[in-house]
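A.B. asks: Mind docking chain B on chain A? Use the hints.
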Amino acid sequence: MTMTDKDELALEVKGVSFSYDRETDAVKDVSFRVRKGEYVCLIGHNGSGKSTLAHLIVGLIEPSKGEIEVFSNKIDDSSALEVRKGIGIIFQNPDNQFIGSTVREDIAFGLENDCIDPLQMETLVSDYAALVGMSDYLDKEPTNLSGGQKQRVAIAGALVRHPKILIMDEATSMLDPKGKREILNLVKSTKKSNPDLTVISITHDIEEAYSSDHCIVLSKGEKVIEGTPDEVFSETEKMLSLNLDIPFFKKLSIELKKQGIDVGDISSVEQLKEKLR
Amino acid sequence: MKIRLENLFYTYSPKTPFAYAALKNINLDLEGRSFMALIGETGSGKSTLVQHLNGLLTPSSGSVTVSDYQITVAEGKRRLVDLSKAGNRKIARKKKQFDIKTLRKCAGLVFQFPEYQLFEENVLKDVCFGPKNFGATQEEAEVKAKLALKLVGLDETYYSRSPFELSGGEKRRVAIAGIIALEPQVLILDEPTAGLDPEGEKEMMALFRRIYDAGTSVILVTHNMDIVLKYVDQVCVMSDGRLLKQTDPLSLFQDEDFLASTAIEPPLVFRCAKELIQDGFKLDMKNIKDISSLALEIKRAKDNG
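These protein sequence lines map, in sequence, to chains A and B. Numbering follows the working numbering, with no gaps: position 40 of the first sequence is 52. Numbering follows the working numbering, with no gaps: position 103 of the second sequence is 132.
The following block holds chain B by itself, in its conformation from the complex:
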């Protein structure tokens, strides 16, 4: 699953007094399946960036490529080109375009607080809405919806319940199931754990891990550095509309010079381990992902003298 952003600029309300440059020359390359976190202060452009990945926003300039689907802009108009056909002279130019819906199905985007978007009378219907909208029959949609609900941990007793009488965490899982039912190749989530209690957060992250393990790329926007350390393989740092860094969590948290120039603070578990290491404890940072693995690592270091 390839994602490539090239010289991407985006300005809200251009040519008006409200004009605001939200993305400034973003270049990003992701190859293969990835589990990535997008971090940065509020207002740094994270949500704007993810809304480009499924074509909700069209670049002011530059290009967005997700899988074989490329979005560019020329003379103020959006251009959609299917790269798998682009080089083929036998295909007419018009047929090289793709339907934006194809991209929306390929890159599933879950907004902040997705539970506000539930609307159907029961859970199963709500999850079926997406697949049906993309052309599935009622039967096909139900099969997909049931699989998606199973994946998010909601059993058949939920099918006929109204989504509005569920708890916040359950509602959010229904909303995420609605996107998973589209069988996207990449699942993009904007602050998926905001407002959840610690247990809800843990369950939610375990869910994304399962989705990732099942073969889907996962990109999430988060402010939670504990999540960054524990779950993801890659991390992108944004600030003031720019992409400052693309690296792995451990390298990021160890890069003190860089961190000093940002508002990012490594998670407490990392800082605690670092202090212990400086004090002479032989801990291996690679093994430390959370509190329980820190405890294990302390035990190991103690046993080895």
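Bound conformation, chain A alone:
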């Protein structure tokens, strides 16, 4: 993706390294840029440094080398709190981010911190609960919800504060396929009504990565591939050697080749039938 001066950068990661134990780098000299309004997917196997990168972006941990800028503000001790106001983050396990004793209170928690008028808060909370399909659960205790339901509440709690950047750290990995699709559609529709929302999603979901604007592939803390989904997923051999998934029909094509059947590059069952005739 080419960058022009006009495009505002939401995030710039410049030569960032981070080490938990001062011996091995969990993130190693990683650089990339995310434009305002982009939907970017960070993919990589477990332990590739994806989550560490997310924690660096919200200033939970500081890089040992390099810099991170959010809307041209460098993240450091003095700016971290301010920068974080514009970022909503959803973690993999919703149990780690629950605060309220009911769903209603939990969604309202961020708003209370932002000193929103209580009257306005009521409407906002109901609106966002409806958006994530949890209207019937407003007075329920979060502890009694299923994992997927908790995650929808967490997403509502993040979106209700109108963040400029939404970071999802494997936010859909605990949901069932239907719930997963609902959440992804929800994020997409939010993006449609608010095209300036930048989404950074850490994911193993190939379907999601395939529909994003831009993909960054990490392995052992380093950026190994970057580009549009088409560019990234055309590097099938490399993706497979990194233990990453590739779209179904690309995989089937490789397996058929092993059986001596060459169907070439296919992406649908129609094309497969055609090639097999």
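Please keep in mind that the hints were generated in silico from the structure rather than gathered at the bench. There could be a bad hint or two in this list.
Under the rule of at most 27 Å between Cα atoms (straight-line distance), these lysine-lysine pairs were calculated in the DSSO-like manner [stated by the list, open to error]:
| hint | chain 1 | residue 1 | chain 2 | residue 2 |
| --- | --- | --- | --- | --- |
| 1 | B | K31 | A | K269 |
| 2 | A | K269 | B | K315 |
| 3 | B | K31 | B | K154 |
| 4 | A | K270 | B | K328 |
| 5 | B | K331 | B | K303 |
| 6 | B | K231 | A | K270 |
| 7 | A | K152 | B | K328 |
None of the values given here were measured: they were computed from a predicted structure.
C.D. replies: This is chain B only, laid out in the frame that chain A set:
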């Protein structure tokens, strides 16, 4: 290994404004060794159900029987009866009860994201915790722990490492080893592959297959239909606190009328094979478990003209 649920109901926070009926009249029968998947939308009651199997939750009404251990409820009180002694008049009534720990050892439950429960200073100690808690000596516990770690594919170089410095997949294997070390007759796992990358998922499922082959029943909660098709023999479908169906994966995915009434979508490999069959390819669905077996089946069909 027998598991029987009869007229099982469970309500969270009964008699409060938060009351929520999570299980409604569940009846389930499993005989012999089984490899079963429990599927259904989020909130359908899967996790609530598995927490009954080792006595973590007590039924609001109805009964749970695992092996010879039966849990019922009478006048709001939990009753634990060892069925192997139940009919024997020579044994006093009190002695017919069993210790809930016996059931917990028999039915090993691994929660969602079990890696959050690791706490010891090194891997070996963490895995030893369970057996020691159930009365094993330090030596016995270590023997069991080492066997369990070997089974999950972690060698002796891991023994002295801190569980907190391992990768997510490794941590999860340590946590599962902690349950395997109890030598349960049935291993129950709540979404064991959630959050793992494809390779981690494959290794994890291969591990459960080994555990099953070694003689233990395996029950897992999953949303992943590829796993259902490839690995398990039986599948139970839950929705809104009810058990809708108990069948085998192939019958489930072929039951279009039923699927239409649920949110379940057969895996892509199944749908692809079905389209090819409808198009005249002579594929045998029984042989298709994953992408590579689909490719083999296409090859076979082509060779046979």
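A.B. asks: Looking back at the hints listed earlier, which ones does the structure fail to meet?
C.D. replies: Hint check: 1, 3, 7 fail, others pass.
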